[in-house]
Every structure is written in structure tokens, then in C-alpha cells.
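Protein chains: 2
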Amino acid sequence: MPSEAVTSEALLAELKSIVGERYVLTDPVDTGGFLTDHRARYHGSALAVVRPGSTAEVAQLARTCAAAGTAIVPQGGNTGLCGGATPLEPRPTIVVRLDRMNRIRAISPAEETITVEAGCILQAIQGQAAAHGLLFPLSLGAEGSCQIGGNISTNAGGIAVLRYGNMRQLVLGLEVVLADGTVLDGLRRLRKDNAGYDLKQLFIGAEGTLGIVTAAVLKLFPAIRTRSIALMQVASVEDALALFARARAVFGERISSFEIIGSSYMDFVLRYVAGTVMPFAAKAPWYLLLEAGDSQPDAPLAAAMEGFLAEAFEAGLVSDAIIAASLAQEEAIWKLRHGVTGEFKLAGKTMSHDTSVPVAEQPDFVKRVEAGILAAYPDANVMMVGHIGDGNIHVVVLFPHERFATADDFEAASDAIDMIIDDVAMELGGSITAEHGVGRTYRKRLARTKNPDELALMRQIKALLDPDNRMNPGKLFLPATEA
Amino acid sequence: MPSEAVTSEALLAELKSIVGERYVLTDPVDTGGFLTDHRARYHGSALAVVRPGSTAEVAQLARTCAAAGTAIVPQGGNTGLCGGATPLEPRPTIVVRLDRMNRIRAISPAEETITVEAGCILQAIQGQAAAHGLLFPLSLGAEGSCQIGGNISTNAGGIAVLRYGNMRQLVLGLEVVLADGTVLDGLRRLRKDNAGYDLKQLFIGAEGTLGIVTAAVLKLFPAIRTRSIALMQVASVEDALALFARARAVFGERISSFEIIGSSYMDFVLRYVAGTVMPFAAKAPWYLLLEAGDSQPDAPLAAAMEGFLAEAFEAGLVSDAIIAASLAQEEAIWKLRHGVTGEFKLAGKTMSHDTSVPVAEQPDFVKRVEAGILAAYPDANVMMVGHIGDGNIHVVVLFPHERFATADDFEAASDAIDMIIDDVAMELGGSITAEHGVGRTYRKRLARTKNPDELALMRQIKALLDPDNRMNPGKLFLPATEA
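One line per chain: the protein sequences are A and B, in this order.
To convert, note that position 338 of the first sequence is 338 in full-length UniProt numbering; the numbers rise steadily by one, no gaps.
To convert, note that position 194 of the second sequence is 194 in full-length UniProt numbering; the numbers rise steadily by one, no gaps.
Source of the hints: derived by calculation from the structure; they are not laboratory data.
Predicted model only: the values in this text are computed from it and were never measured.
Check before you lean on any hint, since a few could be wrong.
As the list claims (entries may be wrong) - Computed cross-link-like contacts, BS3-like style, restricted to lysine-lysine with a CA-CA straight-line distance of at most 27 Å:
| id | chain 1 | residue 1 | chain 2 | residue 2 |
| --- | --- | --- | --- | --- |
| 1 | B | K345 | B | K283 |
| 2 | B | K349 | B | K335 |
| 3 | A | K335 | A | K345 |
| 4 | A | K367 | A | K349 |
| 5 | A | K462 | B | K450 |
| 6 | B | K444 | B | K345 |
| 7 | B | K462 | A | K462 |
| 8 | A | K450 | B | K462 |
| 9 | B | K444 | B | K462 |
What the hints assert, rightly or not - FRET-style restraints, in silico, Cβ to Cβ:
| id | chain 1 | residue 1 | chain 2 | residue 2 | range |
| --- | --- | --- | --- | --- | --- |
| 10 | B | E306 | A | A245 | 30 to 38 Å |
| 11 | A | A235 | B | A130 | 44 to 52 Å |
| 12 | B | G127 | A | P400 | 54 to 62 Å |
Think of the CB as a built atom: it goes at the ideal place given N, C-alpha and C, for glycine as much as any other residue.
Given only the sequences and the hints, what does the whole structure look like? Please build it.
Below, the structure is given as C-alpha cells:
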């Protein structure tokens, strides 16, 4: 360990010589926002927050940190939900923010590819694609501030996974800086490449624990020129899946989103989210949001949606439904579904989950989870909302602000509820984290639920690529002593 | 190395006790077909060809071989084009054929998933999907005999990559037996799973060098119920790409294949492939095959195709075209495009390639490759055919049978032509092997062209998962002494 030889002062001087003095932040006024996670659950500390301007600078930072034994926490838009971008280990660490590396390096409509730096805001990439008559389909709540490097490092999901896959499926090429400063240049614009192991897959979803993603070549798609969005009231998750099968038969791959909203979540949204309006006369146990889209400007989607709903009514699968007739109505429907992390805090103490199970197991999952939580906490408000087309239902458990006397009491209840949900998920062949990743928040649950052979291989890969455990340490894995 | 301690006889007895005597083949009459590759370029030898009937048996075989220091070459349908399934190292080796493991373990129309064992024939999986009104989209020449384990291990491509991705994008879960016999059970039916590193990606496309794929969960899709296929005559690759852009605008994601056939390849097919007929009055420099499909039975694709072609004529991009009006005509068009490996041997000495470049670089690629080869070998017949929508044009160079006096002369010319093509591909940011993989055939070219940092990391991963180099040794990598 060479770290003893390098004082913090000397290291800071070196960092400054690499990126320029103004891009090495040490004043708490400047760094504070980058040392706390998006949900304000974690507060970390670092020698500095460093903002490199190029891949070469990132590589040089990595070499410098390797020589000094300093840890590196890469950070994109800092919108992650699991504390993955906050420096939390008690050791010399720098945060490497990629925000200055926000150039669109190239866009090729003929190839339907875009080459971007890690710090590009997701929305900017969507916009560039749209300006060329194309679509970059990744879409999620934080798209106005999250960065593509973070999306890649967390294998982001969102509302169009059903049609386009998650982030992993949208990456053609990747540039990564390894722990020792090697630049792994895999920025190929190829649709097919079987020349050896597909190394980029290692870094997608690795949450910065194996290297720093600095740039990527992404797939683009034909833009959606016709759209139809419906909101339905349904009696059960079983009926929702029956409707999903029917929708697949009618719309095929044109379905871009198939989302479910539970009754109590809907109540919550209507109460706390400004500007939301219940579009139905009565309540229902579940609400389904179906969006279909077509690249053809004259695709008869509206007629197809009417036909689909007419048959669904006739079959007794839907009790009421609306079809958006304007952009404003489309937005009003989506508003009922979209993220409300901020509002949760107003409503009380919440515990959010990101489970997935096989699509067909969701009725069982929902029933068992609700029953399990209510048996242990009869006063819990168990809300459900999510991507039923992907098997990914978010369970949000809400308690009144005053429910828990101490933070420890809250944590104990939170752990108990995690166990209830995780056990059901595991029995059904599910995952404790479908799209949010592991970060700091889920590492204990990962250690408890992951197949030991898989966890062992994960640790071996981590040790291979980051032998000194300097790349985003303390994330994904529990310390060996606790494992 | 414990191998000295175990005699061949003792090992064979142990193998027989695992899988049963009749499934350990040692008689050359029985093993011959499995020790020669599909193109009959490689002839290997093995202690035995072993046919396990279950994952547990594969795991036990792996443990036994680990203890004995015996190498394992996994083999599916033995239809690979790069010698990847032939045992070629001078050391104790067994071939593990997966053909008995051919059960469809489960199919879920509601989830659009199918769980299959590695030995399932691709066509059988396509058939099972179709029987449930669904589509398994992987499609390639050998689909009647290749096995899904081989498709996964080579990350197979084929004629529908443009729409559905290659094999990697069709795998949801994977079961793999590691070198030490550990069964890595990742057979999850999940659309989303961010619980740690996505380990299955390591084994997809690894050509059996990191473990033995024993089962997989695959994605299914809505069946195609309307189809339109056209064959066009075009003047240049530039025009072909202009037509691709127009086709994307008209058909969007409905395009499942966009294939190109060069003039001399067309001549070759018409001459050597029985039952092929030229559908046009005159010849053209290039032919384009466009297939569009829709899951809706009444999709107006025929009208769209007519409109597309009318505008293409008007723009001067197409000189003649036909639209298939029957299944027989569809098949007749595809016959002009499909694999003719057998016929190549009749026509002369051939050298086949599997290059990819970024889609927009293909005009440059085609021109430079043709000029380069003809400058060195003015008598070469340079034929081109491939997946222009994916940037993957196969260059096939044909010489008369008597052109080379000795096998060494042929090899020298073959190496020289490889260099010409590979250099152009590398300059254009391409890959020397788009879909066929590396196997034995391409390992020298891989070593020459692959970025050294990537190759070094590939070797580290190989060493991590297979420290004794017993899993399909001699594939992908050159021996360290030659590298």
C-alpha cells in the first residue's frame, strides 16, 4: 500500500495538475451536494470532488489514485436510489464527477447510432435523437438530470423496457477506464461483433465497481409517430395479465409500456401530487396504463385501441377505461403513474422496493406480499405500482410520520418488511432489485438472497478487475468480515 | 497436475459410471463425425465422446475431468464454421456432446419465455414457439441441426438480427457448468434483474472456453402474421443504404431482414444451387432482399411495399424489383440468398469471411476490399453477400480448383487475403468476425487485430474461470508462446 507516502496535500496538488485547479472541489459548500445521495439517506466524505474534462484526464486520475492507494467513487447525475454514488468508506477517496464530459461525439442517422460521453444528460440524448427523427428509448423519472454513464453503470430500466430492453440492450460500444488507468477502448459502432468475449457487458450494471464508464455508442430507433394511451380499471392482477396477453395479440411489439397502479397508490397520488385528477367516477382495485406506439404517422392505433377495449369490456376484464384524446390527456394519465419520491416524504415514513418476479407469478407475488406485510404490520399502507409487463412491481409501504419512536425502530421494521418481500420474491424465482441496482442500500439483502456460487464468482471478478478494492468500495458487496 | 495418476482406462470407467456405458463413445466408427468440424477442415482426437443426459451428469463429468486434468470440448450440433467444437490439442480430452439434453423444460406464453436444455435443436424451439402462437426469432442456415447451446456459446446471428438482436439479446437466464463442476444456476425467467453483475453475459459467445452451457431461458415474441418480401436490383452499396433509410422510414421496426447479394454471388448461386431461377430480365451489380413482417394478420404491408418500391423507382434507386406473391415465391427469393457452403466446394477453392463494419462504412469497405484483393490476385472471383442492415457483409473469394499447386500455396494466399480484408475492417472500426465467432480458424487473426488491452483482459478472465486451461483449450487464444 503506497498510500502512506502520499499526503492529502500532495495528492490534491496532483489532481489539480491533471484537471485544473477549479475542477478539484474541496470546499464543503461546493462538494456537499455530491456527498449526499438523492434520497438524502447517506452522507459521505471525500478528499475532493474532481471533475475531469476528458477520458485522458480520467485515466490520469485513475493512475494517480492507483499510485496513492486512493479510492474512486464515480458519479453521474447523483440520482440513484441506492446510495451507489456516495463515498461511504472511511479511507482516502475522491469522487469523480463525469458532468463535464457531456459532448455528443457523433450521431449517425444512417446507422441509427449515437456516440456520447458519460456525462451527457439522458434528456439531451433523447433530444438529439429526436432532432434527427429518431428515438433513444430509455426513459425514466430522473431523465432531466441523470447522466448516461450512470444509466449504463446501473443498467437503468424505466418505462420502455418492455419494447426496447433495459440500458444493457441499448449499448453497442463502451469506453471504460480501469482501476489502473488503462483505457479500454471498445467504442465500436457495430451491430454484430463476435471477436472474443463481450467485455463491455462486465461494466454495464457494475455500478462503478469495476471501472469508470467514460463514453458509449448507443442504439437509436425509428421515432414513434403515432401513439395511443389508455387507462383501465381492473379487478385483479390476474385480469391485468389476461389483458396483457390480449394487448400483445392486438398490438404486438407496438406496446411500449404496460404499467399497473394499485388502488392505494392511486389514492396517494391523487391526494399528494399536485394537478392530478381521478378520471373515473368510481374507484377500482387496480389501474392499468397501456401505451402503444408506431413509427408510421398514419398507423390505425386509435381504432385498434377502441377495438381492444370494447372486447375487454365484453369479456368482463375492464370495468371502466379512458383513451387519451390529446397530448394534455396523455400527460395527465402518465402523471398518475410517474415518480413521487418527493411526495412520499410528505405523506409519512416510506419503504420502497424494486422487486421483479417472472411475469406470470405476479398475482401470487402481490397477494403473498400484501398478506405477509399486513400480518406483521396491520397498520401498514401497502401500495403497489410498476411495470407489470416486465414483472417489476414496486412495493411501497407507508406508515404515519409518528409511527416509529426512533430511527432504530423504523430500521427494524424496514428490515423485517424487506425479509417478507425478499422471501416471497426468492420463492417465486425473482430478484430483489429489478432496475434500481444494489449500491449501498441493498448489499445486505443481496448477500442474503443471492445464490452463493454467483456471489462468489462476482467477488472473483471484482478482485480480478479491482484487486485493491478502490473502485466504488463498499458498494454491492458487504465487507468480507460481514459476509 | 493430477493427470498422471489417472490412466485413460480408469477415466473411461469413471465416465461410464456417470453417464452409462452406451453414452461413452470410443469406437472411431461412432466418434468420427464428432471429431471433424462442419467444414471438414479440422480432424481431432479425444479419449471419448461423452453424451450426458442431465446437468447433474455434466457437473459430475466436469468434476471428474478436473480431478484427472482432462480437457473438455463441449459440442452442440457441430455446425460451427470456425472449428470451435473440434478437439485439437495434443492432450487428454473428452468431447461432451449435449445432444441428449434436448428437453423443452417449460414454455410460458403469458411470459413469452421458453426454458430449454442446451441440446435442443434450434428448429424444435422455433416449432414449440409457433405451436403456442409465438416466435423464437433466431434463424440461420443450420437451424435444422444446430443446437441452442451452441447458438448461445457462439452468440449466433443469422437473418433476423436487425429486428431481434443476436442470440445474446434473446437469453434471459442461463445454467452453466463451470470448469470445477460448479453448477451456476441462473435460470431466471426475469425481464429485469439488477442484483449484481450479469454473469450470464460471460458465457454467451465464449465458445465453451469458460464453462458448459446446459440450459437457458429464452425470450419469445409475438408471431409474425403478415409478411412482405421484395427483391430489388440496385446499382451500388450507397444506393442500398439509401434504400435502407427509406425502408426504415416506411416500415420502422417491422423490417426483419435487409440483405444484400452481389452480382457475382448471384451468378454463382444461379449456376450451382439447384432450383434457383433469376427473377429479372437483366443483371444488376447488386440485389437487395427486404423482408417486413407484422404481428397483425391484416397489416397493410403489401400496399406499403408497393408504395416503397414505387418511390424507390421514381428516385432512381431501384432498376427492377419483384414482390413475392406466394409462399413459393418467398422461398424462391430466400433461396437466392441462403447458405451454399456445400456448393462452394463444387465451384472451386473458396475463402469465406465474416466481417462487420459500421453500417455507413459499407460502401467504403466493399470498394477497398474488392480493389485490394484484385490488385493482389487479379484472377480472384470476389463475391459478396450478407446482412447489410447489420453491417455484416460476407466476402467469399473463389479460385478455380487447380489455381494453387499445393495446400501451402492456398494457405499463403488465404492468409494474404485475410490480411487485406482485416486491415480494411480495422481501419473502418470493424470486426473480423461478426457472427461466426473465433474458434480455431480466426484465433491468429484475432491476436493480430484485437486491441491488446482487450485481449489481455480476455486472457485474465479465461485464467480466472479456467485456471488449468481445460475448457475448450486451443480456441479463441493462441498459445502464449505464439501470442
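Okay, the hints, checked on the actual structure:
Of the supplied pair hints, the one linking K345(B) and K283(B) holds, its CA atoms being roughly 25 Å apart against a limit of 27 Å. Between K349(B) and K335(B) the CA atoms are separated by roughly 22 Å; this keeps the pair inside 27 Å, and the hint holds. Restraint check: the Cα-Cα separation between K335(A) and K345(A) comes to about 18 Å, which is no more than 27 Å; the hinted pair holds. Simply put, K367(A) and K349(A) have alpha-carbon atoms about 23 Å apart, close enough for the 27 Å limit, and the pair holds.
The hinted pair formed by K462(A) and K450(B) meets the criterion: a straight-line CA distance of about 24 Å does not exceed 27 Å. Distance restraint check for K444(B) and K345(B): the Cα-Cα separation of roughly 24 Å lies within the 27 Å cut-off, and the hinted pair is therefore satisfied. At roughly 15 Å between alpha-carbon atoms, K462(B) and K462(A) fall within 27 Å of each other, so this suggested pair holds. With a CA separation close to 24 Å, the supplied pair K450(A) and K462(B) stays within the 27 Å bound.
Proposed proximity of K444(B) and K462(B) is supported: the alpha carbons are some 17 Å apart, at most 27 Å. A beta carbon spacing of about 33 Å between E306(B) and A245(A) agrees with the range 30 to 38 Å that was offered as a hint. Between A235(A) and A130(B) the C-beta distance comes to about 33 Å, which lies outside the given range of 44 to 52 Å. As the Cβ distance of G127(B) to P400(A) is approximately 57 Å, the hint placing it in 54 to 62 Å holds.
Violated hint for the displayed structure: number 11, the only one.
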